[in-house]
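A.B. asks: Residue numbers (this note's numbering), protein chains in the order written: chain D, 1 to 111; chain X, 1 to 113.
Be a bit skeptical, because a hint or two may be false.
[To be verified] Coverage of chain X stretches by chain D, computed from C-beta distances (three or more under 8 Å per stretch; other residues unrestricted): (1) 29–42; (2) 98–106.
[As the list claims (entries may be wrong)] Sample of chain D residues facing chain X (criterion: CB under 8 Å; computed from the structure): (3) Asn38; (4) Arg41; (5) Thr77; (6) Ala78; (7) Phe101.
No lab work stands behind these hints: they were computed from the structure. Ideal Cβ positions, reconstructed from N, Cα and C, are used throughout, including at glycine.
Letter by letter, the chains look like this.
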Amino acid sequence: SQQGEEDPQALSIQEGENATMNCSYKTSINNLQWYRQNSGRGLVHLILIRSNEREKHSGRLRVTLDTSKKSSSLLITASRAADTASYFCATPLGNDYKLSFGAGTTVTVRA
Amino acid sequence: EAQVTQNPRYLITVTGKKLTVTCSQNMNHEYMSWYRQDPGLGLRQIYYSMNVEVTDKGDVPEGYKVSRKEKRNFPLILESPSPNQTSLYFCASSSIRNHYEQYFGPGTRLTVT
Numbered sequence: 001s002q003q004g005e006e007d008p009q010a011l012s013i014q015e016g017e018n019a020t021m022n023c024s025y026k027t028s029i030n031n032l033q034w035y036r037q038n039s040g041r042g043l044v045h046l047i048l049i050r051s052n053e054r055e056k057h058s059g060r061l062r063v064t065l066d067t068s069k070k071s072s073s074l075l076i077t078a079s080r081a082a083d084t085a086s087y088f089c090a091t092p093l094g095n096d097y098k099l100s101f102g103a104g105t106t107v108t109v110r111a
Numbered sequence: 001e002a003q004v005t006q007n008p009r010y011l012i013t014v015t016g017k018k019l020t021v022t023c024s025q026n027m028n029h030e031y032m033s034w035y036r037q038d039p040g041l042g043l044r045q046i047y048y049s050m051n052v053e054v055t056d057k058g059d060v061p062e063g064y065k066v067s068r069k070e071k072r073n074f075p076l077i078l079e080s081p082s083p084n085q086t087s088l089y090f091c092a093s094s095s096i097r098n099h100y101e102q103y104f105g106p107g108t109r110l111t112v113t
């Protein structure tokens, strides 16, 4: 069963704009991760946020976590063409070693 | 270069013909995992392994087998493939100390006719 769901399914923005995507999950978690997948490639780990954190930054990425709403958001600021990819949230399912991924948000950055 | 490799990258086979997809990592990672990716469903975990000779079921283990005889290798075995196993498969690894940061292989696109 899928734990997380991303929203929107797809997003198209102009280069330089910000992109925001959300992830909702069903059960309590102790951490949430975001991954990026470029077309036809494997996933790349972007950032992890723990349940006792509300916000975390990494370069142009900003992740928030609201455990009361069981949701997280990923913001990419000043987007570039290279940010065109699918973005997935992942949460532990059961024990920490089983991970559940959402279906992803496909982001297209137009030049 | 630190990496996870998978072979083959592409495979077309017929129903019932046993196949193995190999996965190897050169980072001395304890944790390894297999996922399948299907349109609209995201990635689903098939099996994972915490260390040599230790394997456990993920979300969708039916129809698959794995083994972990060596730390670096984690092959995925389909004893009798069926068309519903047509998918894109990814192997991933991580250290136990930092197992949340998983390193993914390039993927194997499997078609079962």
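A.B. asks: The structure should be examined with respect to each hint, and the outcome stated for every one.
C.D. replies: Hints versus structure:
1. Closer than 8 Å: that is the beta-carbon criterion, and the segment 29–42 of chain X has 6 residues meeting it against chain D, so the requirement of 3 holds.
2. Counting residues of the segment 98–106 of chain X whose CB lies closer than 8 Å to any CB of chain D gives 8, which reaches the minimum of 3, so the coverage claim holds.
3. Contact between Asn38(D) and chain X, as hinted, is not supported at the beta carbon level, the nearest pair being about 11 Å apart and thus beyond 8 Å.
4. With a least beta-carbon distance of about 6 Å to chain X, the hint placing Arg41(D) at the interface is held under the 8 Å criterion.
5. Given hint, Thr77(D) at the interface with chain X, is violated; its Cβ is 22 Å from that chain's nearest Cβ, farther than 8 Å.
6. Because the closest C-beta pair between Ala78(D) and chain X is about 25 Å apart, greater than 8 Å, the hint is violated.
7. Taken as an interface hint, Phe101(D) checks out: its beta carbon lies about 4 Å from the nearest beta carbon of chain X, inside 8 Å.
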